[in-house]
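Novice: Residues per chain are reported as follows:
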Amino acid sequence: NAGVTQTPKFQVLKTGQSMTLQCAQDMNHEYMSWYRQDPGMGLRLIHYSVGAGITDQGEVPNGYNVSRSTTEDFPLRLLSAAPSQTSVYFCASSYSGAALQYFGPGTRLTVT
Amino acid sequence: GEDVEQSLFLSVREGDSSVINCTYTDSSSTYLYWYKQEPGAGLQLLTYIFSNMDMKQDQRLTVLLNKKDKHLSLRIADTQTGDSAIYFCAESIRDMRFGAGTRLTVKP
Chain W
2 NAGVTQTPKF
12 QVLKTGQSMT
22 LQCAQDMNHE
32 YMSWYRQDPG
42 MGLRLIHYSV
52 GAGITDQGEV
62 PNGYNVSRST
72 TEDFPLRLLS
82 AAPSQTSVYF
92 CASSYSGAAL
102 QYFGPGTRLT
112 VT
Chain U
249 GEDVEQSLFL
259 SVREGDSSVI
269 NCTYTDSSST
279 YLYWYKQEPG
289 AGLQLLTYIF
299 SNMDMKQDQR
309 LTVLLNKKDK
319 HLSLRIADTQ
329 TGDSAIYFCA
339 ESIRDMRFGA
349 GTRLTVKP
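These protein sequence lines are chains W and U, in that order. If you want the numbering used here, it's the 1-based position in the first sequence plus 1. If you want the numbering used here, it's the 1-based position in the second sequence plus 248.
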């Protein structure tokens, strides 16, 4: 199993550009989530999904969209990037619920 | 703001024991976790403890949970330079909440 994979590893965007961060897992996990990690802070939950077709907002959802058309994939979309979205983004998944999540390697995003 | 708090830095000598402490606020947390993050990498689930347990031991790792004080600790015995990393405490109820992370530095 590859576990949780994320692409790209690094990305630089200009303010106002849009992009999609990809996340996939091959463990048949129902629960998937996106977090952002900023210096000196813990991870903060952006959006999560408890199964295909179901998504919900986390602590910091503004500026981000998600969809879950398949069990395996959970992309995160930035509609109009802002410098405040410069961060490291982590995708995670678990068999059921928020417990025992496994994390991907992260995407480091810089918005200039 | 964060509901999970931990000190930001800890420095120990190789071979000593390390103790990383964490306090949480939600008494209904079902699981409490320790994750390890090495530079440039994702979070690795180190260990976890159910809220109805007081202690869990896994090789060099010992987790202690004091539910009355909402205090969680991670003890690493015989700390090695490879243990240098950031350690995150986390709790989960409906979602998962993380502390800011403790940067452990192990000096030879």
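Simulated from the structure, these hints should not be mistaken for lab results. By construction, the Cβ of each residue, glycine as well, lies at the ideal position given by its N, Cα and C atoms. Any given hint might turn out to be false.
Examples of chain U residues lying across from chain W (beta carbon under 8 Å, computed) [claimed, not checked]:
hint, residue
1, Val260
2, Thr278
3, Tyr279
4, Gly290
5, Leu291
6, Tyr296
7, Phe336
8, Asp343
9, Met344
10, Gly349
11, Leu352
Novice: Please go over all the hints and tell whether each is borne out by the structure.
Specialist: Tested hints:
no., hint, verdict
1, Val260, "violated, 21 Å"
2, Thr278, "holds, 7 Å"
3, Tyr279, "holds, 5 Å"
4, Gly290, "holds, 4 Å"
5, Leu291, "holds, 4 Å"
6, Tyr296, "holds, 7 Å"
7, Phe336, "holds, 6 Å"
8, Asp343, "holds, 5 Å"
9, Met344, "holds, 5 Å"
10, Gly349, "holds, 6 Å"
11, Leu352, "violated, 16 Å"
The structure fails to meet hints 1 and 11 from the earlier list, while all remaining hints are met.
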